[in-house]
Amino acid sequence: MTASRYYAVKDTYTLPAQIISGAGGIRFGRGIDMFDPDKPVLVPERTPFFKPSRLLKEADDEKRYEISSDAVKDAFSILRTETVAQEAAVLNTHFRASYGISSIDAAADMAREESRSSVSAYILLSHVGETRSLSDAAMSVNEDLDPLAEHLEDDTTAFTQFRRDFGTHFIETVTYGLNIAIRGRMSTRDTARRQEIAATMSSGFGAVRAGGSVDAAVQKKLHDAGLQINCEINCGGIDPARPLVLQGFDQIAGFLADIAKGAVKFRLAPVALTLFSYWNLLDPGKFPRCRAMLNPHQDVDIYAPSSIFGIPAGTIIAWHPPKEAVRGEGENAEIMPPPGWALCDGTHNTPDLRDRFIRSTSTAAALNRTGGAAAHTHKKTQGDVAKKAGLVTATRKAIIDITEKSDHLPPFITLVHIMKLDEKTWSSRTPLST
Numbered sequence: 014m015t016a017s018r019y020y021a022v023k024d025t026y027t028l029p030a031q032i033i034s035g036a037g038g039i040r041f042g043r044g045i046d047m048f049d050p051d052k053p054v055l056v057p058e059r060t061p062f063f064k065p066s067r068l069l070k071e072a073d074d075e076k077r078y079e080i081s082s083d084a085v086k087d088a089f090s091i092l093r094t095e096t097v098a099q100e101a102a103v104l105n106t107h108f109r110a111s112y113g114i115s116s117i118d119a120a121a122d123m124a125r126e127e128s129r130s131s132v133s134a135y136i137l138l139s140h141v142g143e144t145r146s147l148s149d150a151a152m153s154v155n156e157d158l159d160p161l162a163e164h165l166e167d168d169t170t171a172f173t174q175f176r177r178d179f180g181t182h183f184i185e186t187v188t189y190g191l192n193i194a195i196r197g198r199m200s201t202r203d204t205a206r207r208q209e210i211a212a213t214m215s216s217g218f219g220a221v222r223a224g225g226s227v228d229a230a231v232q233k234k235l236h237d238a239g240l241q242i243n244c245e246i247n248c249g250g251i252d253p254a255r256p257l258v259l260q261g262f263d264q265i266a267g268f269l270a271d272i273a274k275g276a277v278k279f280r281l282a283p284v285a286l287t288l289f290s291y292w293n294l295l296d297p298g299k300f301p302r303c304r305a306m307l308n309p310h311q312d313v314d315i316y317a318p319s320s321i322f323g324i325p326a327g328t329i330i331a332w333h334p335p336k337e338a339v340r341g342e343g344e345n346a347e348i349m350p351p352p353g354w355a356l357c358d359g360t361h362n363t364p365d366l367r368d369r370f371i372r373s374t375s376t377a378a379a380l381n382r383t384g385g386a387a388a389h390t391h392k393k394t395q396g397d398v399a400k401k402a403g404l405v406t407a408t409r410k411a412i413i414d415i416t417e418k419s420d421h422l423p424p425f426i427t428l429v430h431i432m433k434l435d436e437k438t439w440s441s442r443t444p445l446s447t
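Residue numbers for the sequence shown follow my numbering, beginning at 14 and rising by one.
Hint data in this document are derived by calculation from the structure and do not stem from the laboratory. There may be inaccurate statements among the hints.
Here are the simulated lysine-lysine pairs, DSSO-like style, with alpha carbons at most 30 Å apart [stated by the list, open to error]:
(1) Lys274 to Lys64
(2) Lys52 to Lys23
(3) Lys233 to Lys274
(4) Lys278 to Lys336
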């Protein structure tokens with residue numbers, strides 16, 4: 014197994030339905046390509062993997078469930094967004110329509126850019142309804158299934174063909190529900206204000222949601238903070254019809270007040286999916302090639318990149334910090350690495366690369382070895398030809414005699430090295446602008 018197939022051969026996934034792209038809609042048994050888990054894609058339904066059946070059709074998640082707003086009893090929860098990665102995940106899941114976000118990369122670019130001049134906080138009102146499973150139906154593999162990938166000689170080509178035809182996983186379960194996400198954005202770089210913003214929004218909107226009114230002091234605090242507030246509703250529809258993207262405190266508060274009165278009916282939509290690998294459904298007697306390609310228990314175990322952006326923990330790069338990443342002036346200036354990264358100064362389990370070059374190796378035993386010297390001394394020798402490395406012979410056969418330490422550095426420019434941290438190490442660190 015190559016490193017690039019790590020995600021494609023995992024047994025199962027659970028992920029938000031909102032981040033799935035592709036045409037045709039979410040349905041039981043539908044194939045999804047998880048080759049890049051940050052960009053899951055619905056596969057066009059050319060050849061059905063599963064045998065069509067009446068029960069399968071009845072269990073199809075195209076069915077929408079209607080509930081009245083008085084069934085939405087859940088309280089607001091504050092979403093954790095202490096890093097650019099966490100904020101990007103929230104934007105990609107809950108605010109796609111508000112900002113025209115189509116991928117985690119676009120969400121990350123937005124979160125990174127806005128973190129230069131503002132701080133955002135997020136609260137979520139959610140309702141989780143019924144979970145339906147493909148096993149509720151008479152699931153069976155299509156008897157006429159004959160994957161083209163099974164007949165291709167090149168393994169890489171065959172694997173790509175299978176992904177294009179069926180994806181790497183199929184939708185096994187669908188959870189229906191709705192999410193009402195609210196974002197408050199403040200023009201400040203003081204990240205300590207994030208919790209304050211979230212708590213104030215939760216208090217204000219929570220009072221409306223409970224059927225009361227917003228305390229005058231809370232409303233004044235929201236106004237004085239200069240918050241840009243918007244809301245996005247993820248559901249299958251609302252009766253009476255209204256926009257699913259709301260702007261400003263008054264519009265959002267009015268909507269929440271209607272929910273409190275039971276004046277709104279929601280049609281639930283898929284909010285979470287469980288995906289299963291095709292591997293165990295492929296008959297080894299009929300499809301040995303395809304089964305082997307998707308086998309999650311292959312001989313070679315490759316550790317996955319731990320970042321949601323696909324950068325393996327431990328990656329080291331040379332970095333020229335932008336001015337926004339330099340705090341202070343002169344000798345007291347401090348370089349602040351991007352969220353999820355650390356300076357290679359010997360802290361946070363990084364190697365100390367200050368005033369050092371990197372020497373490559375292919376053996377684990379040689380990792381972290383140090384050597385070399387910043388300066389060295391030439392030794393005097395005799396004879397017409399120098400016998401020591403670094404000595405030269407002049408045209409008159411006079412030996413250059415250097416007995417003091419001297420530097421022999423090529424022209425250089427000084428940058429910093431930074432290392433990608435693993436999720437466990439960096440998720441608790443306070444983020445800085447990138």
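Each hint tested on the structure:
With a C-alpha separation of about 46 Å, the suggested pair Lys274 and Lys64 falls outside the 30 Å cut-off, and the hint is violated. At most 30 Å may separate the alpha-carbon atoms for a hinted pair to count; Lys52 and Lys23 meet this at roughly 15 Å. Our distance criterion of 30 Å between C-alpha atoms is met by Lys233 and Lys274, whose separation comes to about 25 Å. Restraint check for Lys278 and Lys336: the C-alpha separation of about 51 Å exceeds 30 Å, so the hint is violated.
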